[in-house]
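Each protein sequence line maps, in turn, to chains H and P.
With our numbering, the residue at position 369 of the first sequence is 370, and numbering never jumps.
With our numbering, the residue at position 204 of the second sequence is 310, and numbering never jumps.
A few of these clues could be false.
Which chain H residues face chain P? A few, computed with CB under 8 Å, are given here [said to hold, decoys possible]:
(1) Glu-16
(2) Gly-17
(3) Arg-18
(4) Met-65
(5) Leu-66
(6) Phe-68
(7) Asp-85
(8) Ala-285
Because the hints were derived from the structure by calculation, they are not lab data.
Glycine residues also receive a C-beta, built at the ideal position from the N, C-alpha and C atoms.
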Amino acid sequence: MSADLSGWGRYPRIEGRRIPVRDEDGLRAAMADGPVIARGNGRSYGDAAAQVGGTLDMRRMNRMLDFDADTGVLTAEAGVILGDVIAAFLPRGWFPPVTPGTKLVTLGGMIAADVHGKNHRRDGTIGRHVLWVEVMGADGELRRASRSENSDLFAATIGGMGLTGVILRCALQLAPVQTGWIRQEMIPTPDLDAAMEVFERDAAQYAVAWFDCLAKGADLGRSLVILGDHAEPSDLPANRRPVPFDVPVRKARRVPLDAPGFALNKYTLRAFNALYYRVNAGKAGRSVVDWDSYFYPLDAVHEWNRIYGRRGFAQYQVVLPLEASRDGLRTLLDVIAAAEQGSFLAVLKRLGPEKGQFSFPMEGYTLALDFPVSPAALRLLDRLDAITLDHGGRYYLAKDSRVPAEVLHKADPRAGEFARARQAAGYAGVFASAQSERLKL
Amino acid sequence: MSQVMILGGRSDMALACAHAFAGAGHDIVLAARRSETLGPEKADIELRYGVTVGLRDFDALDVDGHEDFAAADPLPDIVICAVGRMGEQDADQDDVAASVAVMRSNYEGPAAILGAYATRMEARGTGTIVGISSVAGDRGRATNYIYGSAKAGFTAFLSGMRNRLTGTGVHVVTVKPGFVATQMTEHMDLPERLTAQPAEVGAAILKAVDKGQNVIYVRGVWRLIMGIIRSIPEAIFKKMSI
Ligand SMILES: Cc1cc2nc3c(=O)[nH]c(=O)nc-3n(C[C@H](O)[C@H](O)[C@H](O)COP(=O)(O)OP(=O)(O)OC[C@H]3O[C@@H](n4cnc5c(N)ncnc54)[C@H](O)[C@@H]3O)c2cc1C
Ligand SMILES: NC(=O)c1ccc[n+]([C@@H]2O[C@H](COP(=O)([O-])OP(=O)(O)OC[C@H]3O[C@@H](n4cnc5c(N)ncnc54)[C@H](OP(=O)(O)O)[C@@H]3O)[C@@H](O)[C@H]2O)c1
């Protein structure tokens, strides 16, 4: 049965065989005929979760199996959606220790991409909070892997982009919280230096900056830095204190159709970005916001990826080492602003050091922005690659849909090691994605 | 706490109902063959919604056991039957035993067990019975009339039971889901717009029970489609291939 296997960016468009996985036997049978790749909720942007010959849809393996109310350890199947974990356990005082900017991801997808959140500097990637995973290997054997048991497999699977096996179950340490609210501080910063200065203060558990990628010259890097900490009951208005986990329900909206390509151009974008900055700069300061609006503002608009039109979009996310960050970011932003092709979502985060074997983060700054796909945009991204390479930066595979293999391998020598280890372990013929084929992983 | 008994509890639609009703605070019993294999489903629903989930062995074809099954305490507030068997029309039409298995699994077994519950609920004076039938029962077609005819029988049974029980405090809901993306239809290439997700069916059934609806089609277009299909004169219909 042919299915749409494209990623969230809907670029590149990929059609292929989708195989729903319901149990171990079904999975073994699916693995028997040639290379396959696991797919969670398809929230990676490009071709990481697609294999034309066989893409394993893990979303039916979505049972929560056990929860220890004393320790906060959740045992669950890999297809469980993060939002369901929050729905079940936030009312009992537990929250994901690390979360991406959408709750519509699976636990397996989070572990395979070793996702980071706005708290990476304090709390690391999701991998730090995973106690064990159960992985179906290339040989059809199911193994439990942890820091003490099959530790090589554990290390390679976290951040391994599904290329070391299929994660079936995991144990995840949740984090205790006292309310469902976040104490937020919004700090408008006139330029890049000012934004970085706020990040360097490390004043809150969560920190992220939205920046206007069309602002040039003296305004380059004009940002809103948003800090956050989990609120305590005493931070809430008196009427909310007895029910600290109740938050108002947000109304979901949907982008009805593919937006026509002309709706989104440099004029509308410039106007939008300038307006967004002014409106929010006006709201600068402290407030208390509910978890859903704070962590997942975009989830309120279903299928927002359609606003970029039929051609889809590509996200460029790289991290630059700390010492090269200021210069590198400035150079990237200069080129992006001059090209006038950026989009609404341009995000800057400060990452901490990271030990994950093939995980994306390193100590420094990560920049992520979306580009509606066009020949000109793809040429621009090639130019950005040169700057990234110059500054010792590396790529986030969960967002990638287009980086050339040579560039990836130059930027990240770990890619070659990963590929060789996959060959040696006999994974390569059994697990492969369109991305791993493109990037020679 | 009210209790919902779900027969054929392993099916995707049954589990979607279990989630919908557990989400609304009902305790659940999943009744299925080899019910002990439903441990993960039990844990999942209990963890997500903080309700109690029981497991019971149930074989719809074991009609001799139905009276005892329905007599067990407590008598549930709501019974949902999702038992069904699609069969393979092409092979089954030349195989009496296979056809009979489809007929019995979609009509005899489900109707008999719901009948046993109806009598008990009538005596109590409250309850809701939900039968998952099919649009395939609205008119027999060459491609699935063994299944369709059994569903037609089941639909008629539910309709008659609703008629009988009106005024007794017991309500009967007939569900004709149209295409649903479940294990039963996984190998088929179904048109997306006409195909509901199991969760949609669960939500629709929860709503139908709350509101006391009689016959529901999960996606509205199916009412229209089946209206048209039923209205085609037999002289023309018999030559069509749909
Ligand atoms: C709006 C938005 C915001 C985001 N923000 C962030 C962010 O802040 N930080 C961040 O780190 N990421 C972020 N992401 C990216 C997202 O978190 C990752 O792409 C994540 O992997 C998506 O999970 P998924 O279940 O959709 O996986 P998919 O996209 O389906 O798959 C992603 C990868 O995981 C593998 N995989 C999936 N399931 C399994 C399994 N069971 N076993 C083995 N491998 C598996 C796939 O093979 C693939 O390589 C964001 C994405 C969106 C759309
Ligand atoms: N999917 C569709 O498009 C569609 C459309 C219209 C109507 N329906 C109806 O919806 C209901 C649910 O179907 P589904 O799509 O979720 O498919 P399914 O997964 O195949 O469900 C059928 C269920 O019936 C159970 N069953 C069969 N014979 C049984 C017996 N003798 N005793 C006990 N249980 C028995 C099966 O249990 P085991 O697991 O033990 O085999 C299975 O769980 C069925 O009545 C089906 O006819 C489906």
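Verification of the hints:
1. Restraint check, H/Glu-16 versus chain P: the minimum CB separation of about 13 Å is more than 8 Å; hint violated.
2. At its closest, the beta carbon of H/Gly-17 sits 14 Å from a beta carbon of chain P; the interface hint therefore is violated under the 8 Å criterion.
3. For H/Arg-18, the interface hint is violated, the least distance from its beta-carbon to any beta-carbon of chain P being 12 Å, above 8 Å.
4. Look at H/Met-65: its Cβ gets to within about 4 Å of chain P, closer than 8 Å, so that hint holds up.
5. About 5 Å separates the beta-carbon of H/Leu-66 from the nearest beta-carbon of chain P, less than 8 Å, and the hint is met.
6. Evaluation of the H/Phe-68 hint against chain P yields a held restraint, the C-beta minimum of about 5 Å falling below 8 Å.
7. Interface restraint check for H/Asp-85: the shortest CB-CB distance to chain P comes to about 7 Å, inside 8 Å, so the restraint holds.
8. Hint on H/Ala-285 is violated. Least Cβ distance to chain P is approximately 39 Å, over the 8 Å limit.
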